[in-house]
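Peer 1: The lines below spell out each chain.
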Amino acid sequence: MTTITTASRIPIDGPVETPWKLPYRGNIGMACLIIAESAIFIIFVVAYIYYIGKSLSGPTPAQVLELPIFGTICLLSSSIFVHFAVSSLRKDNLRGCTLNLAATVLLGTIFLATTAQEWYHLIHDEGLTIKTNLFGTTYYSLVGLHATHVVVGLIMLSLTLGLSLTGHVKEEHSEKLEVLSLYWHFVDAVWVVVFLVVYVIGR
Amino acid sequence: MTTTPVLEAIDETLETQGRPPLNVIYEWLTTVDHKKIGLMYIVYALIFLVVGGFEAILMRIQLAIPNNHFVSPQVFNQLFTMHGTTMVFFMGMPILFGVGNYLVPLMIGARDMAFPRLNAFSFWISAFAGMLLYFSYIGGSGLYAAGSAPDVGWFAYAPLTSKVFSPGHSTDYWTLAVFLSGVGSIGTALNIVTTILCMRCKGMKMSRMPLLPWLYLVMAGLVFVAVSPLTAAQIMLTLDRYLGAHFFDTQAGGSAILWMHFFWIFGHPEVYVLVLPAFAFANEIIPVFSRKAMFGYPAMVAASVSIGFISLSVWAHHMFTAGLGPAGNTFFVFATMVISVPTGIKIFNWLATIWGGKIIFAVPMIFMIGFLFQFLIAGLTGIMLSAAPFNWQLSASYFVVAHFHYVLVGAIVFSLFGAFYYWYPKVTGRMMSETLGKWHFWLFLIGFHLTFDFMHVPGILGMPRRIYTYEAGRGWDTLNFIVGVGAIFQAAGTLVLVYNMIHSYYKGKEAGHDPWDAWTLEWSVPSPPPSYNFAIEPTVSSRRPLWDIKHPEDPDADYE
Amino acid sequence: MSLIAGTAFAQSPTNIFDPAGTPARSAFGLSMLVLSITLAIFLIVAGLLLYALVRFRHRSTDSNREPAQIYGSNQIELSWTVIPILIVVTLFLTTTRVILGTEAIPKPASAIDVTIIGHQFWWEYRYPKSGVVTANELHVPISDPASPTPTYLTMSSADVSHSFWVPRLAGKMDLIPNRVNTMWIDPEATGLYLGQCAQYCGTQHAKMLLRVYAQSPQDFAAWIEQQNKPAQQEFPGNAAATEGQAVFMKNACINCHTVKGTVATGRFGPDLTHLASRDTIASGPIQNTPENLRKWVEDPNTMKPGSLMPAMHLNDHDLDVITAYLSQLH
Ligand code: HEA
Ligand code: HEA
Ligand code: CUA
Ligand SMILES: [Cu+2]
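Protein chains in written order, with this note's numbering: chain A, 1 to 203; chain B, 204 to 763; chain C, 764 to 1093.
Calculated from the structure, these hints are not laboratory results. Because the structure is a prediction, the values reported are computed rather than measured. For every residue, glycine included, the Cβ atom is placed at its ideal position computed from N, Cα and C. Please note that a few of the clues may not be correct.
Derived lysine to aspartate or glutamate pairs resembling EDC-like cross-links, with alpha carbons at most 20 Å apart [said to hold, decoys possible]:
| no. | chain 1 | residue 1 | chain 2 | residue 2 |
| --- | --- | --- | --- | --- |
| 1 | B | K561 | C | E829 |
| 2 | C | K1013 | C | E988 |
| 3 | C | K1058 | C | D1042 |
| 4 | A | K21 | B | E740 |
| 5 | C | K870 | C | E951 |
| 6 | B | K561 | C | D825 |
| 7 | A | K21 | B | D315 |
| 8 | C | K1023 | C | E988 |
| 9 | B | K561 | B | D720 |
| 10 | C | K1013 | C | D1081 |
| 11 | C | K1013 | C | D1062 |
| 12 | B | K408 | B | E740 |
Going by beta-carbon spacing under 10 Å, a handful of chain A positions derived as facing chain B [as the list claims (entries may be wrong)]:
| no. | residue |
| --- | --- |
| 13 | L22 |
| 14 | G29 |
| 15 | A39 |
| 16 | I40 |
| 17 | G127 |
| 18 | T129 |
| 19 | I130 |
| 20 | N133 |
| 21 | T137 |
| 22 | Y140 |
Some residues of chain C that are not near chain B, with every Cβ distance over 10 Å (derived) [as the list claims (entries may be wrong)]:
| no. | residue |
| --- | --- |
| 23 | T801 |
| 24 | F805 |
| 25 | P908 |
| 26 | Y963 |
| 27 | R974 |
| 28 | Y976 |
| 29 | W986 |
| 30 | Q996 |
| 31 | A1003 |
| 32 | N1014 |
| 33 | F1031 |
| 34 | A1039 |
| 35 | T1052 |
| 36 | P1053 |
| 37 | E1054 |
Hey, can you work out the whole structure from these sequences and the hints?
Peer 2: Okay, structure coming up:
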């Protein structure tokens, strides 16, 4: 039997499927994160739906919740801008990228502000806190969990914006920006679910 | 016989001799090398194995005779809570992640994990979580009172965990520790999936990947969908305890059942998260020591994937006594029983792999044989538990405790021990002592069977779990005594293992790079592997690249 | 496996393989079927494994060549997929029949109703039809198949989850706060059936024992009638008991305990109206003797550490008279 001793044999030179290309790890990593995060959100949504109408005392959602149309429009359209930011960067259009990023951050911030305003109204005027009843408990945790994700996304987007304003973002970063935009799209998609559950079904 | 070629190492950073100890420690604390992180995971988990095992011994001493006063009820309740939590979250998960961390990149011909820094972060956060759990012994009631550990059981049913029934902070330590360990697990799982999908060496199509990475892939996928719900539930529990929310507050209309669902949506897939790596070790070790290729590779992959999926739909078999109603019960009986089909495929494929081979009874293989028999029995007691009316009798009795230790110890721990003996030479460059290994095996095997075979019987005789003492005259006394004796044997066996690992590190026989004449890529690099694993990234054209080299006249690629 | 079969012979008052009621009996029947199927599977698979290990072990006389490599076989693999599927379907259908036979059958009009409320760490029993309230010792009539009088248990909890498990009568069912579960039992023979709480509920989960007294219909009716009376309040010729009653009513005891017909109407602890008619106190582990009662009232935590009844710090005299009083509550 043959004895092979040279190291050069180990990368076995069989027929290699060319080209050998595997997916970009940023995307896969983000996809995994999104699956895990979705599972977390599903649990919160299930808890929300399970407790609809089970509060022992008021106020009820129908009494205190308004449809947050404006905030929703802002958040959803920010998704479009982040998409444009990525495609501008791919085309090496740095200015377009910066502008679109700025629009994304702005719209995201407006959304957060509307949420803050809503919470202020609920706590201050309606006296609804997380302790009040099951509605308060589930409402603040679900919306709060989403808002936390918005904050995280905004921090990352602002950092990127800062980098691009100082000229550190280049075309070769477009893959990375795309990963970030995936996250932002996810945050938006979750909002659609939260919106439906809290403001449409839950009311 | 043929020899396998060795790749020269590019550097020798793993070589620690002759350098100032502080430098070495600093290097380990800051390392992002998957092998070092893997080893840290393993060592850390082994420490917790001994701690958790020690807690088990204390419980068994308390239960050895009726009406014993060895520990107080409070202490006993803390013991089983800490034992269960430690063993599942701080022994089982880290040790499997550790082995995976070490092996997955080596087996797929990669130089590191996809996100080395995330890897280090995940490890350190899990390590921190474990310490936090044990810090509760000091901080559980705040600094002004005597310390206490959590005592709510490892599944911490609501509303026992609410502030009313569990004042103090011990439950908070439990929640936080489990939450953080969950974050660490999700991080590592993310890394494993990304590594496997994006870092395979040239030619390694998914259908050519060794089974170990395959099973780790399924396991990591399960972690996303199983551990995340637990993380969410822990957030809710924390909100309840700190901000006065009412998720699980039955007095404010909250639901105790909801926690059960959330916990077991995690808990059931979790047991498969633990067992899949054990299967993975078997998939590598059994073929090598039978000298045959794995029988039915595609079926093995398909079975693992379907176990992953089915396991997501069976959680309520832990709740047959919670009053699910006939429809719910029937559904979960069915889903649970169906899992025996893909699991059976695995058992039979292992059997077929052994069949017609030339079985070498080295220490890794004898542990695998123990694994096969014990997993078979454990699975069959699982089937008994899954027949709901039978379960109404057996649930929450010592029969359940015996069932799950049969899997967790008889299958997972045995498989792990086999894996230790098998890959130890790769990790350290030295063989472990076969004689001591056999001592370890027999002591642990005898201990295991004394403990867990006899433990089924008190369950059938009506002994519930989680009781700190019992009256004489229920027919449990002798049995409990035997069970306790078995635990001592297991401890002795574990001590032999620890001794063997330390002793062989210094005195063991030189292993060379391929002591078992095996077939996967990790055996083509020196032992221990250099920090970049492969000087030249390998290319493969079959599932067993080293077989092809050793048998150029009959390469695997022809059969795939 | 054989060990499990061996337990059929074991002596234990709580052996699940020694059924004395319909639900336990049907679970027992199912378990025998499941046991024999799994035993058969075990024998076959373990036998094959053992055979393979012996037959195909590496012998020193063997040549050094590797054995023939076999990569799989579709027919064989199909067979060991299909056969388990058939077994699973059989098991599933049988199980379903037993589930439906226990959980989905109509309740006869002659059934007795009992409401069980779990407490840390004792049981409250209420008989809604007769108004009887008692604790820790459940009395039910035996059920004659000709004219069945099963007992339907409506279960809930006042605090955390518990589980009602009397192995010889039926499987267990959890008592969950904010939720109502039901189950039924129908003892075949008179006697005392033991069991205990099977869901971890806190410090004294271990000493939350269950005692079910199955009585003939006549005895049961007599018991109900006796329990329905208000507590004795006159103790002619027993000065200690009379004084004990006064001390009891002056103390915080009445905030937690009910003694029917007096000012004591607390519901946090067990109903004491007919305490002396019970064999045990503190849900099972302690014999109901005057000495034990005295020790219990003095400091429950020495007898049942973690019990939610506080030590009342009574002086010796008060303890004596309260014990005398409690011993008279037949
Ligand atoms: C790694 C761990 C692990 C594994 C793999 C399993 C595997 C299984 N388990 Fe187990 N289980 C636990 C860990 C595990 N379990 C733990 C920790 C608990 C308790 C948690 C707690 O309460 O604290 C538990 C509890 C538990 C319960 C709840 C008991 C109760 O509390 O009331 C049930 C009920 O259905 C159950 C069933 C099963 C079944 C059907 C399998 C199946 O996967 C087994 C399948 C395998 C086989 C069947 C053998 C091989 C197959 C063949 C040879 C084919 C032919 C066979 C047939 C056709 C039947 N398990
Ligand atoms: C992977 C998981 C795992 C492992 C490996 C084990 C291992 C063991 N377990 Fe554990 N166990 C659980 C997971 C595990 N367990 C879980 C999840 C629960 C449920 C908890 C709950 O109800 O909440 C449980 C509950 C549980 C109970 C039930 C408690 C109760 O309900 O009241 C018992 C009782 O006997 C027990 C015993 C043992 C024993 C004897 C071992 C042995 O196999 C251990 C052997 C190992 C050693 C002995 C370590 C070696 C020790 C040394 C070398 C030190 C020696 C030093 C001295 C003796 C001084 N376990
Ligand atoms: Cu009540 Cu356990
Ligand atoms: Cu399960």
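Peer 1: With reference to the structure, classify each hint as holding or not holding.
Peer 2: Status of the hints after comparison with the structure:
1. K561/B - E829/C: 8 Å, holds
2. K1013/C - E988/C: 29 Å, violated
3. K1058/C - D1042/C: 16 Å, holds
4. K21/A - E740/B: 14 Å, holds
5. K870/C - E951/C: 18 Å, holds
6. K561/B - D825/C: Satisfied, since the Cα-Cα distance of roughly 9 Å is no more than 20 Å.
7. K21/A - D315/B: Holds, at about 18 Å.
8. K1023/C - E988/C: 14 Å, holds
9. K561/B - D720/B: 13 Å, holds
10. K1013/C - D1081/C: Holds: K1013/C and D1081/C sit about 11 Å apart, inside 20 Å.
11. K1013/C - D1062/C: Holds: K1013/C and D1062/C sit about 18 Å apart, inside 20 Å.
12. K408/B - E740/B: Holds: K408/B and E740/B sit about 15 Å apart, inside 20 Å.
13. L22: Because about 5 Å separates L22/A from the closest Cβ in chain B, which is inside the 10 Å limit, the hint holds.
14. G29: This hint holds: G29/A lies near chain B, its Cβ roughly 5 Å from the closest one there, short of 10 Å.
15. A39: 4 Å, holds
16. I40: With a closest approach of 4 Å, the I40/A hint holds.
17. G127: At about 14 Å, which exceeds the 10 Å cut-off, the nearest Cβ of chain B leaves the hint on G127/A violated.
18. T129: 8 Å, holds
19. I130: 5 Å, holds
20. N133: Holds, about 7 Å.
21. T137: 4 Å, holds
22. Y140: Holds, because the Cβ-Cβ distance from Y140/A to chain B comes to roughly 8 Å (cut-off 10 Å).
23. T801: About 4 Å separates T801/C from the closest Cβ of chain B, which leaves it inside 10 Å; violated.
24. F805: Since the minimum Cβ distance to chain B is about 6 Å, F805/C lies within 10 Å and the statement is violated.
25. P908: 20 Å, holds
26. Y963: 4 Å, violated
27. R974: Given that every Cβ of chain B is farther than 10 Å from that of R974/C, nearest at about 12 Å, it holds.
28. Y976: Holds: least Cβ distance 18 Å, greater than 10 Å.
29. W986: With a cut-off of 10 Å, W986/C remains clear of chain B, as the shortest Cβ separation is near 25 Å.
30. Q996: 36 Å, holds
31. A1003: The claim holds: A1003/C sits with its nearest Cβ about 32 Å from chain B, beyond 10 Å.
32. N1014: 25 Å, holds
33. F1031: 14 Å, holds
34. A1039: Since the minimum Cβ distance to chain B is about 23 Å, A1039/C lies beyond 10 Å and the statement holds.
35. T1052: Fine: 17 Å to the nearest Cβ keeps T1052/C off the interface.
36. P1053: Nearest chain B Cβ is 22 Å from P1053/C, so the label holds.
37. E1054: 18 Å, holds
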